[in-house]
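Novice: Here is how the chains run, residue by residue.
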Amino acid sequence: MTSVGVRIEKGPPPAAPVPRRASWHLRANAVVVGWLGLTVAAALAGEVLPAPRWLLIHVFLLGAVSTAVLIWSEHFTVALLRARTPEPRWSLARLALLNAATPAVLYGVAVGPWPVAAAGAGVVVVVVLWHAAVLVRLVRRALPGRFGHVIGWYVCAAGALAVGGTLGGLLAAQVGHGGVHERLHAAHAEVNLFGWVGLTVLGTLFTLWPTVLRTRMSERTRRASAVGLRLAVPGLALAVAGLLAGWRWAAAAGPAMYAAGALAAAVPLAEAVRQRRPHTGAAWMLGAAIVWFEVALAVNLVIAATRPADEVGHALEPLLPAVLVGFVVQVLVGSLLHLLPAVLGGGPARFKENAALLERGWVARVAALNAGVVLLTLPVPAPVVLLGWALVLAPVAAFVVLAVVALLRSRALAVPQAGAEPAGGGPGRTAVSPALAGVVAGCLLTAAAVVVATTGGPGPATAVTATGARTVEVTLAGMSVRPSVIEAPVGTVLTLRVTNTDAQRHDLRLATGERTPLLAVGQSATLELAPLGAAVDGWCTVAGHRAAGMTMRIVPTGALARSGTGTADGTTGAGSGTGHGTGHAGHSTGGGPQAADGTVGGGGDTGAPARLDLAAPFSPGWTPYDAAVKPAPGGTEHRVEIRVQETEREVAPGVRQRVWTFGGTVPGPVLRGTVGDVFTVTFVNGGTMGHGVDFHAGANAPDGVMRTIQPGERLTYRFRADHAGAWLYHCSTMPMTQHMANGMYGAVVVDPPDLPEADREFLLVQGELYLGEPGGDGQVAKIRAGRPDGWMFNGTAAGYDHAPLRAEAGERVRIWAVAAGPSSGTALHVVGAPFDTVYKEGAYLLRAGDPGGAQVLDLAPAQGGFAELVFPEPGTYPVVDHTMRQAEGGAHGLFEVGAP
Amino acid sequence: MTWWSVVRFAHVMGAALWVGGQVAVSLVVLPLVRRLLDGERRARVMGAVGRRFGLLTAAVFLPVQLGSGVALAWRGGVTWASLAEPGYGRILAAKLALFCAVMAAAGLHGWAAGAGRAALARVMAVAALVGSVGVVLLATALPGT
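Read top to bottom, the protein sequences are chains B and V.
The C-terminal residue of the first sequence carries number 928 in the working numbering, and the numbering is unbroken.
The C-terminal residue of the second sequence carries number 240 in the working numbering, and the numbering is unbroken.
It should be emphasised that the hints constitute simulated quantities derived from the structure, not laboratory data.
Computed from a predicted model, the values in this text were never measured in an experiment.
Quick reminder that beta carbons are idealized off the backbone N, C-alpha and C, glycines included.
Warning: the hint list may mix true and false statements.
Cβ-to-Cβ under 7 Å is the rule here; a few derived chain B residues that face chain V [stated by the list, open to error]:
id, residue
1, Ala463
2, Gly466
3, Ala469
4, Ala477
5, Val480
6, Ala481
In isolation and in its complexed conformation, chain V is listed as follows:
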């Protein structure tokens, strides 16, 4: 147990909570909201859930993931050049790119939900969820971690 264990813990925990939160909202909260509530209130609840989750993402998860991720990469001796090398570097680069795409999708979801484009919002939400599962997949594929 070193401080690095704590950093790694924060990184893994953040990812688990963020992906798990998306899964919970998509598979548990939203279907129930759709079934149990009617028009007006449904929109309000879904909007509130979305805003809360977005706020948590931007305020907690994103800083934690970025901070701990950069620290871990620095400790692992990752350089810009090494990101292009096949193996660890390449997988990490792909994971980061996918993470950026997921964040873009999540952001787009937030914008679309606010702009009343429900279909697009839904597409982006599911894409972000599936993509973040992909991020976890790539994380597990990183050799030696």
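Pulled out of the complex, with its shape left as it was, chain B reads as follows:
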């Protein structure tokens, strides 16, 4: 029995009594099979898991593969050296430690605090070093033999995992960011795959491969092994050092040396194949695995030679299925196919029976698995990738099932009459004790109930109707997601534009299932969410990043206020809360950007209007909207393109605010013509959400031209201005309050026939100012309540106080006015100069020369008109909305009237 896997040409291992080690292995292999089952489950669970890719890889490699390597390398060492079995108690202790450390790593990286993962990685390193020490001691104590060379591979492999595990611990602890992180990652993957797994497999194949083929071992094996190991290990060390230090030559030369070593080791394997063709499932699987390994080596070599060290990891990613499934899974399953019947024991008949059971349908299984690997490796469309997964998972699952059956069957034989009550159930049929079966049944029932209880199905109660749309810029940088909290009214259809500005790769995954692909530096992706119902968590699925704080939360409006937490992060991007307190006091001291943030924070969050300091200076470089209107251009056809832009503007002294605009300004461009003119507007949505436009000056059915168009779309809006007046145009997308309150309005001026010429013409479009994140909770509350933070002429509160409009005494000045609202009109008044002409909504209320005069041009929301006056003498004349609250809130400007 000591020669299991080595001298199988003698026939199946002897029958009973099953030696002690065999039962030890039996149990241990059950652990491997269990991890394999978990791997299949993890692959099937897919997106449900917190870090799906990483978990899948590590459940398989750290769970199944590492356990298998630990068991089998010790077993083979004992068998090959004909050494005495080391104390099983300690072997079991190592195995137990590894299997305790693995969940710690999995948990710590996927969800828990990183120290758990780092501690787990530390335990793995300790276990594997211990394992290596045991192997070395076995070699030292053993007599020199033909197979001692294999143990060198195992010891080196253990050393590789010690290095790889340390690197993994560093990764879990988030040591090093950006390029360093990427290089650590690449080195970690390289040393674990090609070291721990690769070296072990190569070493094992020297003896296993001829055994599986049932042929003689080549005479050259020893020499090939020595040469191979001497090339592969330094090559691997060089590759890892090169990746870590960023030496490209080393990162390329290392894999080359390693590949040369692997080729040297493959020479006796090829010789064995020449002697005897593979004829069992195990042989074919192992053979295919070796081929995939060579493919992986070649690709790895090319990539390491052509890419800088910090891109190697990323570039190697498409290779993962080939390495993991093609090579590692096949080696593992192939070896178990061959080894399990021997381990299960039970006599020649039982051996044959088990072998036949495990190999059932092996041709189809091998073919499906390898076809699946090809599909997973090639850049094929998503449905084909799914097919690839199915092809890969089905054979693995089949093996797991067959292995479990074989294991249970042998257990049933090993412990006959296990049931205490052999009465009714029939002995031998159920090897499992009734108590255990009962516990399992009860646990399954409970688990099913818990699953039903905790999963929210799409019942009628959870359906949320869309009430609005909003786009939020999300930035991934510096181990955080910004904004970390997004607040939106229930029913909002959120679109997240996710950009990775970090020097390492990230993604964003939401609890509702939406996820971005892994984003490289500077890449962006867009996530369209379902209408917001309950709070949604988001996080980066890259291993350890969630634990390091890369999380975010999307909260329905009001949920935060109820829970009493602050929402400083609710503002887009910049809102890190720096100016939370300065909102009220900051502006008088100096303005500047941080004060601006403060206002956004203070005003936007609490829902209470902020107090603007209108006397504060504007930022250097601020220019006011030009209030002077040019006369109507000639011609009766006007073509204009209006492009929606979401931008940031200074809306009050020192206060910057994100605004949605027609053409980048608030108000949008002024369209001017005379009665009967035709305007052809090309309306382009350059924003991030749906917008539309509604020209009051035209007469069109709203269905077509006023429809909402999506980002990137355009429409042509043609209207004839049949009626004179100052007309409003505005965004026609619901909720219009938000679109208009955030700046989407402008004016169309259609001159009445025979409009006398004026010396100067100005246009004032009055609108309300709502601070805070556009569409954010606080802002929307203020818009709904009609409690603006300020009032603006031409998009700036008190702008013309700081940049006065100029005129000269004695000139005729015409002031066009439009009240954009959305909720308040205006009572336009010039202090010190009565109007002698008032034209409101298409009709003159007063003409120059009439005996009467007017003090106010009053406009309800969306009304327009003009007033004319002559300044009597040089001076400074305020122009205000005589609704004094609104004047003091920013609807205030100055005419500086000079001498003629």
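With chain B held as given, fit chain V onto it using these hints.
Specialist: Showing chain V alone in chain B's frame:
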């Protein structure tokens, strides 16, 4: 302290006694019976214990649990429709389903014990015990109670 406290008390107490009774029988009585008594008498004692516990379950615990549970649900405004909603309703529904399964297992245990199918009886007894612990787990998971 209102009458509703009494109803809740009855519900919690009934559950505690029923689960606790199962635990006591499974972990205390039966192992001792197996160790101390021989064949004939063991079967008689175990049968008697089972019948007594079954009788108590059917005559006392089940009516008390159902009555007090329905009353509490009615007071909590639970409707058939609300049982499907995620959260409270869903957890309650799962708990009720598990409770039904546990009762089915207990019934099956009684039948199997009577029919001499000891292994099945044992499986069902343990499953019922573990399942009723699960019921308690789900009960504690109900929000706001």
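Novice: Each hint should be assessed against the structure and marked as holding or not.
Specialist: Status of the hints after comparison with the structure:
no. : hint   : in the structure
1   : Ala463 : holds (5 Å)
2   : Gly466 : holds (2 Å)
3   : Ala469 : holds (4 Å)
4   : Ala477 : holds (4 Å)
5   : Val480 : holds (4 Å)
6   : Ala481 : holds (4 Å)
Consistency with the previously given hints is maintained throughout, with no hint failing.
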